[in-house]
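Protein chains: 2
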Amino acid sequence: MRVIFNEELKAVADDLDRMVQGVRKSIRGAGDALLKQDVEAAQSVIDGDIELDALEESVIDQCVKLLAKQNPVATDLRVVVSTMRLASTFERMGDLAKHVAEISRRTYPASPLPDSAKETFQQMQDFLDRTSDDLVSMLADRDAKTAERIIANDDKLDALHHNTFELALDENTDLTRQQIIDVVLIGRFLERLGDHAVSAARRVVFIVSGFNPSKEPARDEDGAIE
Amino acid sequence: MRVIFNEELKAVADDLDRMVQGVRKSIRGAGDALLKQDVEAAQSVIDGDIELDALEESVIDQCVKLLAKQNPVATDLRVVVSTMRLASTFERMGDLAKHVAEISRRTYPASPLPDSAKETFQQMQDFLDRTSDDLVSMLADRDAKTAERIIANDDKLDALHHNTFELALDENTDLTRQQIIDVVLIGRFLERLGDHAVSAARRVVFIVSGFNPSKEPARDEDGAIE
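If you're matching them up, the sequences are chains H and S in order. Residue numbering for the first sequence follows numbering that gives the first Met the number 0, beginning at 0 and increasing consecutively. Residue numbering for the second sequence follows numbering that gives the first Met the number 0, beginning at 0 and increasing consecutively.
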């Protein structure tokens, strides 16, 4: 029984690893679309989202079957429930990367970003590229240390997100209304990617430690800025 | 055993009903804050969000205990898993209502909305008020017919959301940059509230019919517009 359970759990874990690797690919591709006007990258992020959606469905279906057939308890149950929630978090991250790719494809060959905003968005992208590397290794190793780093670092992305509002509001820059809108929406999508990374990290801390990460995971703290 | 299980499931269902009633209250309060400059309503939405967060935690904890102790299968398992996901959807809806309340509080006593946008946002609010009534009765009665109506109606909100971009882009209106930003963000928050209502409705269809609502639940279809 345990052997079967562990084999089946391993299969779900492999799909979850595929999801987080797909999320990292989508985040990098969205960055290439946004900052390098790479329209092929944009298209592959948009196309690749379908695969992330299917993987989420598959992970959740497998978890429900595990719950029905194996009645896991304690840590095993924590792993199965957290795996379902991680799959939904990664699926949502794919949506957000897709939105950035779609905006970049719409403005191609121009960038949706005014020059005055590119440095801040490059910093947000660099942050998210590092974070997505951390997500992949965190999942592969069930590494709570990496998870704690992801949680601790999120303030930096929030500060950069705050800058995007200042950029959009700066009357000294000559922005079109579309540029103002795109700066604000892309900034929000990138900041939400960071929030979801924190959510995923908290779930891994929960799996490893049993400590319930409480609400902050899904929390979206930037309302006040808006 | 069944008796205990059903009693415990009833307790979770009561908490979930409390959540959806709280969501309806938050949506109405956010609307009063946004469209009537009711700053007390804004504050009570912001304060009330803490309660929704706590209820989500409580619902998920109770569901995990049910899974461990009762090993539900078939429909019962579907109900427990869907209940966890519904709780997360309602918690997120509370966040979105809070964001609208926070923006309205920030601009008080002025409205964050230019006059040119108020009619469209009033229509979005009216739509969401009706939808939140539907959510409450759908949950109380596990009513798939109401759920199907919520799913079918969402196009209307998406069309209104599309209008908010046209309002923000209309060079004939004399908007400040802050107004452009607020129109776009509030429009997005309201449209996401509708998406989450559809997600909740699809989960109820799943509970009642066993038909898997597939990806659309969390789907966020408006990226192309952005």
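It is possible that part of the hints are untrue.
Given that identical chains are not distinguished, each listed pair holds provided it fits within a single copy or across any two copies.
[Stated by the list, open to error] Straight-line Cα separation of at most 30 angstroms, BS3-like style, residue types lysine-lysine; simulated pairs:
| # | residue 1 | residue 2 |
| --- | --- | --- |
| 1 | K24 | K64 |
| 2 | K9 | K117 |
| 3 | K35 | K155 |
| 4 | K68 | K117 |
| 5 | K144 | K9 |
| 6 | K144 | K35 |
| 7 | K64 | K117 |
| 8 | K24 | K155 |
| 9 | K68 | K9 |
| 10 | K64 | K35 |
| 11 | K68 | K35 |
| 12 | K155 | K64 |
| 13 | K9 | K64 |
| 14 | K9 | K35 |
| 15 | K155 | K68 |
| 16 | K155 | K9 |
Derived from the structure by calculation, the hints contain no laboratory data. None of the values given here were measured: they were computed from a predicted structure.
Consistency of the hints with the structure:
1. For the identical chains of this complex, K24 and K64 are intra-copy neighbours only, at 29 angstroms inside a copy versus 36 angstroms across copies, given an alpha-carbon limit of 30 angstroms.
2. Taking the closest pair of Cα atoms, K9 and K117 never come within 30 angstroms of each other, the shortest separation being 42 angstroms inside a single copy and 53 angstroms across copies.
3. Taking the closest pair of Cα atoms, K35 and K155 come within 30 angstroms of each other only inside a single copy of the chain (23 angstroms); across copies the shortest separation is 36 angstroms, beyond that limit.
4. Taking CA atoms no more than 30 angstroms apart as the test, K68 paired with K117 passes in neither setting, with 52 angstroms inside one copy and 54 angstroms between copies.
5. Taking the closest pair of Cα atoms, K144 and K9 come within 30 angstroms of each other only inside a single copy of the chain (22 angstroms); across copies the shortest separation is 39 angstroms, beyond that limit.
6. For the identical chains of this complex, K144 and K35 are neighbours neither inside a copy (33 angstroms) nor across copies (48 angstroms), given an alpha-carbon limit of 30 angstroms.
7. When the C-alpha separation of K64 and K117 is checked against a cutoff of 30 angstroms, the pair qualifies neither within a copy, at 47 angstroms, nor between copies, at 49 angstroms.
8. When the C-alpha separation of K24 and K155 is checked against a cutoff of 30 angstroms, the pair qualifies only within one copy, where the shortest distance is 22 angstroms, while the shortest distance between copies is 34 angstroms.
9. When the C-alpha separation of K68 and K9 is checked against a cutoff of 30 angstroms, the pair qualifies both within a copy, at 15 angstroms, and between copies, at 24 angstroms.
10. Neither within a single protomer nor between protomers do K64 and K35 lie at most 30 angstroms apart by alpha-carbon distance, with minima of 43 angstroms and 49 angstroms respectively.
11. For the homomeric pair K68 and K35, neither the shortest alpha-carbon distance inside one copy (49 angstroms) nor that between copies (53 angstroms) is at most 30 angstroms.
12. For the homomeric pair K155 and K64, neither the shortest alpha-carbon distance inside one copy (40 angstroms) nor that between copies (37 angstroms) is at most 30 angstroms.
13. Within a single copy, K9 and K64 get their C-alpha atoms as close as 14 angstroms, and across copies as close as 23 angstroms, so both meet the 30 angstroms cut-off.
14. Proximity of K9 to K35 under the C-alpha cut-off of 30 angstroms is found in neither arrangement, the shortest distances being 38 angstroms within a copy and 54 angstroms between copies.
15. Taking identical chains as interchangeable, the C-alpha atoms of K155 and K68 are never at most 30 angstroms apart, the minima being 44 angstroms within one chain and 42 angstroms between chains.
16. For a Cα distance limit of 30 angstroms, the shortest separation of K155 from K9 qualifies neither inside one copy, at 34 angstroms, nor across copies, at 43 angstroms.
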